[in-house]
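Sequences and hints are given; from them, build the entire structure.
Next come the chains, spelled out residue by residue.
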Amino acid sequence: MAQTEVDIHGTQSAPKLSAEHLGMAYERDGQSMQVLEGINLDVADGEFVCLVGPSGCGKSTMLNAMAGFLSLTSGSVRIDGEVVTGPDPRRILVFQERGVFPWLTVEGNIGFGLSKLPRAERQQRIAHYVKTVRLEGFENSYPSDLSGGMKQRLQVARALAVNPDVLFLDEPFGALDSITRVIMRGELLRIWQSERRTIFFVTHDIDEAVQLADRVVVLSSRPSQIKQVLTIDMAHPRNISSTRYLELRDELLKQIGLAYEI
Amino acid sequence: MNSLAQPRAWEKFFWPVVSASLLLALWHFSVVWTATRVFPSPLSVEKGIAELASKHLLWADIGDSLRRVGCGFGLAIIVGVPLGLWLGWNPAANQTANPVIQLLRPISPIAWIPVAIIFFGVGDHAAIFLIFLGSLFPILVACVSGVSSVPPIIRNAGRNFGLSTPQLLARVVFPAALPQILIGARIALGIAWLVVVAAEMIAVDSGLGYLVIDSRNSGKRYDLVVAAMLIIGVIGLALDFCFRRLESIKSVRWGFRSVS
Chain D
-6 MAQTEVDIHG TQSAPKLSAE HLGMAYERDG QSMQVLEGIN LDVADGEFVC LVGPSGCGKS
54 TMLNAMAGFL SLTSGSVRID GEVVTGPDPR RILVFQERGV FPWLTVEGNI GFGLSKLPRA
114 ERQQRIAHYV KTVRLEGFEN SYPSDLSGGM KQRLQVARAL AVNPDVLFLD EPFGALDSIT
174 RVIMRGELLR IWQSERRTIF FVTHDIDEAV QLADRVVVLS SRPSQIKQVL TIDMAHPRNI
234 SSTRYLELRD ELLKQIGLAY EI
Chain C
8 MNSLAQPRAW EKFFWPVVSA SLLLALWHFS VVWTATRVFP SPLSVEKGIA ELASKHLLWA
68 DIGDSLRRVG CGFGLAIIVG VPLGLWLGWN PAANQTANPV IQLLRPISPI AWIPVAIIFF
128 GVGDHAAIFL IFLGSLFPIL VACVSGVSSV PPIIRNAGRN FGLSTPQLLA RVVFPAALPQ
188 ILIGARIALG IAWLVVVAAE MIAVDSGLGY LVIDSRNSGK RYDLVVAAML IIGVIGLALD
248 FCFRRLESIK SVRWGFRSVS
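Here the protein sequences line up with chains D and C, keeping their order.
The first sequence begins at -6 in the numbering used here and counts up by one.
The second sequence begins at 8 in the numbering used here and counts up by one.
Among the hints, a few may not be true.
Under the rule of at most 30 Å between Cα atoms (straight-line distance), these lysine-lysine pairs were calculated in the DSS-like manner [said to hold, decoys possible]:
id : chain 1 : residue 1 : chain 2 : residue 2
1  : C       : Lys19     : C       : Lys257
2  : C       : Lys54     : C       : Lys227
3  : C       : Lys257    : D       : Lys109
4  : D       : Lys220    : D       : Lys247
5  : C       : Lys257    : D       : Lys124
Hints listed in this document are in silico derivations from the structure and should not be mistaken for laboratory results.
Following this line, the structure appears as C-alpha cells:
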C-alpha cells in the first residue's frame, strides 16, 4: 500500500467554497436562538470535507445554509468568490432519504436536471451515470422497486449528472443498515476519485468521517462554532485498524466529548 | 376467520353471488307476497331492460349522459387542477379563496338547478354546468391538500435543479401530488354521475335521468324506472372501475398503499 501523503488540494489557490462569519438564529416562541456563530471555513477545489458534531448542533443547518436553502442571519457563503443567494444546479444537495422522485424511473431521475441538453447528449450522460453508480439493468425501474442503498446511489447520480461544482451530502447513508453504509462509503470514494468534485459531507458517524474525509470539521454544541479542523493525513484506501486511523478517530471522539469505553 | 386471512379463490366469487341471489330472492318474494301492482318484480325489470336495449333510444340516452359527464368532469379537471396547484402553492391566495370555496362546497349541485337554468336555459349547457360544479370542489380540495403535503425534501430537491416556479409546479409539485389528486378526481367522477341523473330529470329531455322520469310520467312504467336505475348503477360501477385502473399506472402507483 502506498504510504504517500494525501495531496493537499491547492492551499495556495483561491478556495472553492468559503464561509465567512456564518451566523444563524432561529426565532422560536418569541425567543431568538443562536444556532451557528462566527463560522469561518475554506474548502479547496476537489476537497472532501466532513462536518461532525453532537446531535442537534446545527450541522444540517450549516449545510442547508451553504447550499443556499436557508438565508443566513449574518455572514456569507461564497463559491468561486460568488456569494450564494439561493439553490443552484452548480451545487447539489443530496438528502438523507426520500430525495429521489418516486414518479420517475431511474433514467428519469438521473435525467431530471438535463432537460435543456439535446436528446443524444442527455441519453449519453444518463447512461454514463447509470454505470457510475452501478445501476445497470435498473434504468426503467421505479424507486419503489429499489433498495435504500440503490436509492441513495440514484440520488448521487442525479446530482452528479448536472455536473455540479460542489456536492453537499446531508447524512446520505444515515438511514441505511450498517453493512450497506460501509459499501456505500467505498462507492462514494470511488466516484469522488474518478470525478473529483468538491464534497461537503455532514455525518454523525465519526468512523465515516475518518474513512472518507481529507479534513474533518468538528462543531461544538449550540451555538455552534468550529471547535477543530482535523486533517486526515492518510492515503486511500485507508486501513481502519492502523494506529494512525485509531489515533485520528480517538482525537475526534475526544473533541466531541465521547468516552473511549462503553 | 380473522381480518388477516386471505379469502380463497372460490370465495371471491361465491359469496358475492350468494348475497346477490339472496337480495334478488328477497325482492322477488316481497313483490309476490305483497301483491303490489306498482312495484315491478325482478323478472319484469329484466324484461324492461331487454325492451329498452332493443330500442335505439337507450344507447342514445347512455351516450348523452356519458357525454355530459365527460364535458362537465373534463372541464372541472381543466379548471380545478391548475387552480388547485396555484392555490396550494400560494398560501395567501388560498387564504383569500378558501372561505368562498368552503361556503360553496356544501351546496348540493341540485340546489343550483334554477340558477343554472337562468344562466344557460334548459339544455345541455345547464346540465354540464351542474356536473362541473359538483366535480370541481372535490378536485380543487384534493389538489390544494396534495400540494401542501408534498414533502419539503422533494420541493427542495426540485428547486436545487434551477427550475422556475411554473416548471417546479409542473415537473415536481404536480407529479408529487398526483396520487392525491386522482383520489379527489375519483370522488368527483362519482359525484358527476350522481348529478347527471338529477340534472337530466329537470334540465334536458334526453339521457338516463330523463329516461327514469319519463318512464314514470308517461304511463307509470315502473319496470322501466327500475331497469333504468340498474343501468345507471352498472355504468357508475364501470366508470369507477375504469378510473381505479389509473391508480396502477407506474408513475402514480407509489402513492397508493395497496397494490393488487
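Going through the hints against the structure:
1. C:Lys19 to C:Lys257: holds, 26 Å
2. C:Lys54 to C:Lys227: Given that 30 Å is the threshold and the Cα spacing comes to 16 Å, the pair holds.
3. C:Lys257 to D:Lys109: holds, 25 Å
4. D:Lys220 to D:Lys247: Given pair Lys220 of chain D, Lys247 of chain D holds - Cα atoms ~11 Å apart, limit 30 Å.
5. C:Lys257 to D:Lys124: Holds, at about 24 Å.
This entry satisfies every hint, going by the numbered hints stated previously.
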